[in-house]
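This is what each chain is made of:
2 protein chains.
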Amino acid sequence: MTVHSDPVAMTIPTFDDVIAAHERIMPHIHRTPVLTSSYLNALTGAELFFKCENFQKAGAFKVRGASNAVFGLSEDMLQRGVATHSSGNHALSLSYAAGRRGIPCTVVMPRTAPQAKKDAVRGYGGKIIECEPSTSSREATFAKVVAETGAEFVHPYNDPRVIAGQATCSRELLEQTDGLDAVIAPIGGGGMISGTCLTLSRLAPEMKIYAAEPDQADDAARSFRAGHIIADDAPVTVADGLKVPLKELTWHFVKSYVTDVLTASEDEIIEAMKITWKRMKIVMEPSCAVPLATILRNPEVFRGKRIGVIITGGNVDLDHLPWLKG
Amino acid sequence: MTVHSDPVAMTIPTFDDVIAAHERIMPHIHRTPVLTSSYLNALTGAELFFKCENFQKAGAFKVRGASNAVFGLSEDMLQRGVATHSSGNHALSLSYAAGRRGIPCTVVMPRTAPQAKKDAVRGYGGKIIECEPSTSSREATFAKVVAETGAEFVHPYNDPRVIAGQATCSRELLEQTDGLDAVIAPIGGGGMISGTCLTLSRLAPEMKIYAAEPDQADDAARSFRAGHIIADDAPVTVADGLKVPLKELTWHFVKSYVTDVLTASEDEIIEAMKITWKRMKIVMEPSCAVPLATILRNPEVFRGKRIGVIITGGNVDLDHLPWLKG
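Chains as they are written, first to last, in the working numbering: chain A, 152 to 477; chain B, 152 to 477.
Hints are supplied without guarantee of correctness; some may be wrong.
Copies of one chain are not kept apart here, so a pair can be met inside one copy or by any two copies together.
DMTMM-like mimics (lysine to aspartate or glutamate), calculated; alpha carbons at most 25 Å apart, straight line [to be verified]:
(1) K269 x E422
(2) K429 x D270
(3) K278 x E419
(4) K269 x E281
(5) K394 x D168
(6) K425 x D470
(7) K425 x D468
(8) K394 x D329
(9) K278 x D384
(10) K476 x E198
These are calculated hints, taken from the structure and not from any lab test.
Keep in mind it's a predicted model, so treat the numbers as computed, not measured.
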């Protein structure tokens, strides 16, 4: 159904890319467990199956896409390595994957990024080039890095290799569960949701796909309703992994396959995060609580259904928990 | 080897009791997972296998012993139910088990106990009778409860049914791992350690057994060296599950089978707790961090060895995390 004269359509990954990605990255990632909670089932009236990517290598699903890009590099690219701009899990994941392959990884990061994130990137062997906390400084600094190193740019989500890698997560989820009615995942730039769409549209086309995002960063919900990409200008939310906008590739998947984009308030997200920590005894990021928060806000959509919920990562600042603020 | 004229020896549980307990409680508990962490392996130089009872029903291993006592009750005892005094995980666990069997459970608890614990006991259907926060008040109140209800007293640890129940944990751990050199668990009253001794002395008598406790509540270590029970008077430690003293039954197992009792400082315990949350992405109690803290303090004992580490529970007050104090 894709139109191949469209340059975006040319780069849309296929399910064959997902199978190849899974085989390529399998030695470098965990097949993360699927957990259930009788308490949360009773609370929501649904049967929830949590795919726990907080237990993933480097602490997040993003290692799937980053590993697929790194281990798919041709031999002649290895010496120049990879580069990206990110102050989040993609930076850690790309550094981890590059370290496993023994190639250089350069990350452009605002000098104001948390020290813990910088330490983690360096801990995995990544090299950090600091920029000012502005888009113009980031773009200029990144262009300089690529010009100097010739490194391969691996975008955090708008990259077919990355989306094919993220798609391996819901492939595992389907194998680990005995039939689902829907899958729900947080949406920021849309890499995880796009991967979910890619896998489910092939393996379980009848299954519904929900994207969950904060009220205060609801650009995907507004894009979904408007029919074109709307980007927020510097949204403020506790779910700090979900601030970035959709791009062409991820928008293709969202507009083609997503059932609905649901949102939740900051308080609802923090409450869902705390209740998950308390009852499931797992450490996860605020972003991961957005799906549960939207399920609790829209019980009629999920009641009586079997729902896969993707817990995307566990890299939390334990010194600054959102329910202890103020 | 036990002397049957000794009244304590008469009540020492056997491995047959463990097998019976396991069959009895299996429908009511989780077979909890065993997790590993390449980071913590590198940090300690050992291979650590964490048996995650923080994911257990009611949030702690204590549900094993409590369920064994409750589901082993004879029919004529059911109407009168069970009773205990505890402000910790045993109270939750006994309430959970009694609720599953549909029998009354009365818990005597100091009126100063945290509201969250009271709510949790009531949430599982337990009835709370409050006493003053003193031993004399607790004993008088508890005697009155038993006189009025005729309920069966289930002690938190000095009870053969409870010890046989806790022993099922290391039986699973052995089944889930491919050979270990040692098992380490926290020691408070000694119920978990006694169960570990009971199972390992039969199934893997060559395996070492380490008990871990806080420097500030080191009554088990001092008892172990002195050769008789020494009870602390109101110890103060962040590891609040480990304040209670050994009793005859648990002392029998400690003196007969434990390799050594190791201790750690408050700072070491808090650091081990935080690093486990950060790297393993699991929520666990301060008490559960004591084994890792002692491993980090005594690396030469554990280096190059395969070590089972029992994570005993996950019922933490998320509003008061020990590294955020002060």
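Hint by hint, here is what the structure shows:
| no. | hint | in the structure |
| --- | --- | --- |
| 1 | K269 x E422 | between (29 Å within a copy, 21 Å between copies) |
| 2 | K429 x D270 | between (28 Å within a copy, 14 Å between copies) |
| 3 | K278 x E419 | neither (37 Å within a copy, 31 Å between copies) |
| 4 | K269 x E281 | within (10 Å within a copy, 51 Å between copies) |
| 5 | K394 x D168 | neither (28 Å within a copy, 56 Å between copies) |
| 6 | K425 x D470 | both (15 Å within a copy, 10 Å between copies) |
| 7 | K425 x D468 | both (14 Å within a copy, 11 Å between copies) |
| 8 | K394 x D329 | neither (33 Å within a copy, 44 Å between copies) |
| 9 | K278 x D384 | neither (29 Å within a copy, 54 Å between copies) |
| 10 | K476 x E198 | neither (32 Å within a copy, 37 Å between copies) |
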